[in-house]
Amino acid sequence: MQEQVTEKNNIITLEDLRPRREEKKTFSDYFMPRRHSGILFDPKKCTGCGTCEMVCSLRNVSKIAPASASIEVLRDEENGKNFAILCQHCRKPLCIEACPTRAIEKGEDGIVWINKLFCVECGLCIMACPEAAPLRDPITEEVNKCDLCEGDPLCVEYCPAGALTFTKGKKIRWIKGLRWSVQTISFLLLAVILVGTFCSLKAGALSLSCPAGILQNIASSGTIVLVWILSAFLILGLTILAGRFFCGWICPFGFFLDLVDKITPKKIGWPSFLKSRMAKYGILAGAVGGSCAFGFQAFCPVCPIGSICRSYGATGTLNGANLGIMAVLAGLEVGEWRVWCRYFCPVGALLALFAKIGLIKIVIGANQCKKFSCIQCAEVCPMGIIDADKLREGISPVIRMTECITCMRCIDRCPYGAAKLRFRWQKAVPGNIEL
Amino acid sequence: MKLFDNFYNMKVGIVDLSESSSAVVPLDDQIIAEKIGGVAVNEDLFKRYEDDDPLILGVGPLTGSFAPASCLSVATFLSPQTGNLCHVPLMLRIGPEMKFSGIDFLVIKGSTSQLKILHIEKGTIQVFSAEYLVKLAVPEAVQTLRKKIRHSRSIILAGPAADNGVFHAAVSMGVWGSLDKSGLAYWMASKGLKAIVFNGTGGLPFSHDNLAMGRKMVKDIVSFNRFRKEGFITILDRIGVESEVKKIIVKSKKKDLACYNCPFPCMSYVEFNWRDPRLKESPKIKEGTFLLDHTGFTAMARKRQADALVLMKECLNLGLDTSAVAELLPQEGTLETSLDFISDMAKADDENQVAENLYQGDIPLDKYVLFGSGIPPISPGDAEVDSSFWGKRVAMSMILGVCPILMLLFPNIHIANLLKFITVKNDDLESLQAIISSRIQSILMD
Chain H
0 MQEQVTEKNN IITLEDLRPR REEKKTFSDY FMPRRHSGIL FDPKKCTGCG
50 TCEMVCSLRN VSKIAPASAS IEVLRDEENG KNFAILCQHC RKPLCIEACP
100 TRAIEKGEDG IVWINKLFCV ECGLCIMACP EAAPLRDPIT EEVNKCDLCE
150 GDPLCVEYCP AGALTFTKGK KIRWIKGLRW SVQTISFLLL AVILVGTFCS
200 LKAGALSLSC PAGILQNIAS SGTIVLVWIL SAFLILGLTI LAGRFFCGWI
250 CPFGFFLDLV DKITPKKIGW PSFLKSRMAK YGILAGAVGG SCAFGFQAFC
300 PVCPIGSICR SYGATGTLNG ANLGIMAVLA GLEVGEWRVW CRYFCPVGAL
350 LALFAKIGLI KIVIGANQCK KFSCIQCAEV CPMGIIDADK LREGISPVIR
400 MTECITCMRC IDRCPYGAAK LRFRWQKAVP GNIEL
Chain R
0 MKLFDNFYNM KVGIVDLSES SSAVVPLDDQ IIAEKIGGVA VNEDLFKRYE
50 DDDPLILGVG PLTGSFAPAS CLSVATFLSP QTGNLCHVPL MLRIGPEMKF
100 SGIDFLVIKG STSQLKILHI EKGTIQVFSA EYLVKLAVPE AVQTLRKKIR
150 HSRSIILAGP AADNGVFHAA VSMGVWGSLD KSGLAYWMAS KGLKAIVFNG
200 TGGLPFSHDN LAMGRKMVKD IVSFNRFRKE GFITILDRIG VESEVKKIIV
250 KSKKKDLACY NCPFPCMSYV EFNWRDPRLK ESPKIKEGTF LLDHTGFTAM
300 ARKRQADALV LMKECLNLGL DTSAVAELLP QEGTLETSLD FISDMAKADD
350 ENQVAENLYQ GDIPLDKYVL FGSGIPPISP GDAEVDSSFW GKRVAMSMIL
400 GVCPILMLLF PNIHIANLLK FITVKNDDLE SLQAIISSRI QSILMD
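Protein chains in written order, with numbering that gives the first Met the number 0: chain H, 0 to 434; chain R, 0 to 445.
This is chain H alone, in the form it adopts within the complex (with noise of 0.2 Å):
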């Protein structure tokens, strides 16, 4: 026993004396909405007064000195420009990481702050914050940062000019759960209940197909019936109405790709050389060549949505090369979110068309977020197409619509509102490029 406590003695690290907290999850957090707290700040707004300074500074130090306010307006002179340097308490904290006394926590209100008590103030969490948001007292060599005033900044309250908001988030995630819904709902009637119905349909008058099979049929056949036209026309207006709605909410394999990005969330990438995004236009103009060629439809037995559409029940087809075709399409999530439906799905190619004239497009107002540590629309963007870069610079990305998948997730996780779904010819967000 004696030995046993002289070993512990020897051993007491920081784990012991100051555990790190675990992130609780509940059930409810993967599907409900969760607030954000934060202040946005708008730079079209702010004169530069800095009020904001003095107001917090008096909370900081009891006395007006805005070099000890934990929020900084920096000035470009040249360019008339005023821009916010404060605490915008990501979600996942770098400052928290880089702490080596574990003097900065998170609380349950989503609020960052700092323990004074086991600040040594080395600075290391200035170094760690994208923004550099934590602020150095010249006068006392204390670490400042902002904790949103347990809950009701005073920056917001006194602002004259109204650039400053405090928000405590948007509700969030709804969006998640109504497309996961919806996707399981897609997935057990196409691929279960209605087995082989994607790729064709016909129940009396009424007539579906898939539009790229469509393809290829008339290709193989050499006419063109209007009743296949027609039953294409499903998929492809829904395309034209909500852009490639059917990719993000519908499609069986794309559900199947989602599953498979749950069990491998971190990504290894792929190098740049084996990512085209044309590729798939390419797969596409093959199919109807080699449908053409050889008389049938030359893709769709080795189509991975048809495959998985035809694959259940006594009448399942699924073979070993589908499951091979299919085993190597979810391997290939390793590197990435969708490889398949980013840069191989024909059927993605011929909607891809479709949506460049869609009705809709989805806007991200760099002006209205402006948070360089945030990137959260970026981070879980299934189809990589929102420039994080951009954004860093508080440029508006240009979305593209047709990589888009209309999944929502970027206007589902922004917690500031900046990324919105707007007609075509809507305008962009105030202040940003038109897109």
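Treat the hints as calculated values from the structure; they're not laboratory data.
Be a bit skeptical, because a hint or two may be false.
To be verified - Far from chain R, by Cβ distances over 10 Å, these chain H residues were calculated:
#, residue
1, G47
2, V60
3, K175
Said to hold, decoys possible - Straight-line alpha carbon distances no greater than 16 Å define the calculated EDC-like cross-link-like pairs of lysine to aspartate or glutamate that follow:
#, chain 1, residue 1, chain 2, residue 2
4, H, K43, R, E229
5, R, K146, H, E76
6, R, K146, H, D75
Ideal Cβ placement from N, Cα and C applies to all residues, glycine included.
For chain H, the structure is supplied; the task is to place chain R on it using the hints.
Just chain R now, with coordinates in the frame of chain H:
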């Protein structure tokens, strides 16, 4: 505890440029008790050092506080243009930065043949050589200075025109120009002072009650029936500028900007497209400039309406007084000849030109010149400009350390309410009010 203990550092900096030396001495309580601060104390210090032809920089008790637009610092010196004492208001963040850098008043005396920079931080003053800034355009000089002196939060700079000994040179607060039309830049350059850099890293307690009081006063301002947040244009409106001149701003305005703790932005940042006619193959480029000098811009726009913004920017870059340039510009001319004229003027190639009749308004010239000739003649209401009201409001704001433009724009801000930021005791308030009234009389009589 004395009345003003929370409002001042109670320190005076004394710089002798001849010896490149500086000292920080305690501020006499008695002066503050008798004069309160700002321009009144400046005058007192000026008299003490009169033989040295000094420049006095000073702040008021409310400078840096929660009183609205508490941005003011005042430069008091003998104007080279009139030979009389004048007080130039320095706004933006100069006043608070000066106060938070640890000194309340700065006396600069003597002269040197080598240009110097004063750097003030944490209650100490350092004197550096400024040779590397000589004849650099204002933006380049500011940029260089910011690289050389870490945390140079506020800068008062004499530009290249002042280096060349131009009579109508004007100081620049950062790159933003100033309301200096009385030769402060000329004075600085003639004494060998290139720039004053403040790094206000400190602070003062003032009073916690002031926060709520400041907010109430902002509400009063917003509720004033003439409150219109249109930036620079609002002031042009109030000084009766014709609509053609205002249209220039309407077309090009990008953003309104305000001084320290001011709820009413009266400055604007504008953008314009232009092609430099002096260059053979110059592409059309977009540039921007900061508009702070209302009377200067008006004078320039009246002379060269189409090119007013370009010429304004050129004046700011070279550190020239726009009003004087507008007065001296030939009646007819193209953009190219105008730019050449400004460039020649900044080099003082010809004999130093002197503009006359710079101001012909309703306010008596001696009062207008006394406060630096840059404060716009704003009328209190719909009536004509009341010179008595104008003079009293400006003098009062210059004693207390708040922006005179805000005081002129909003006559509903009463002096008693401002004094409540210092004390709420009736006896003290009454005595303060009496002192201020007598100081205002004294300043205006001088």
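Hints and how they fare:
1. G47: violated, 5 Å
2. V60: Check fails; 7 Å does not lie beyond 10 Å.
3. K175: holds, 38 Å
4. H:K43 <-> R:E229: holds, 14 Å
5. R:K146 <-> H:E76: Distance ~15 Å between K146 (chain R) and E76 (chain H) Cα, so the pair holds.
6. R:K146 <-> H:D75: Holds - the C-alpha atoms of D75 (chain H) and K146 (chain R) are around 15 Å apart, at most 16 Å.
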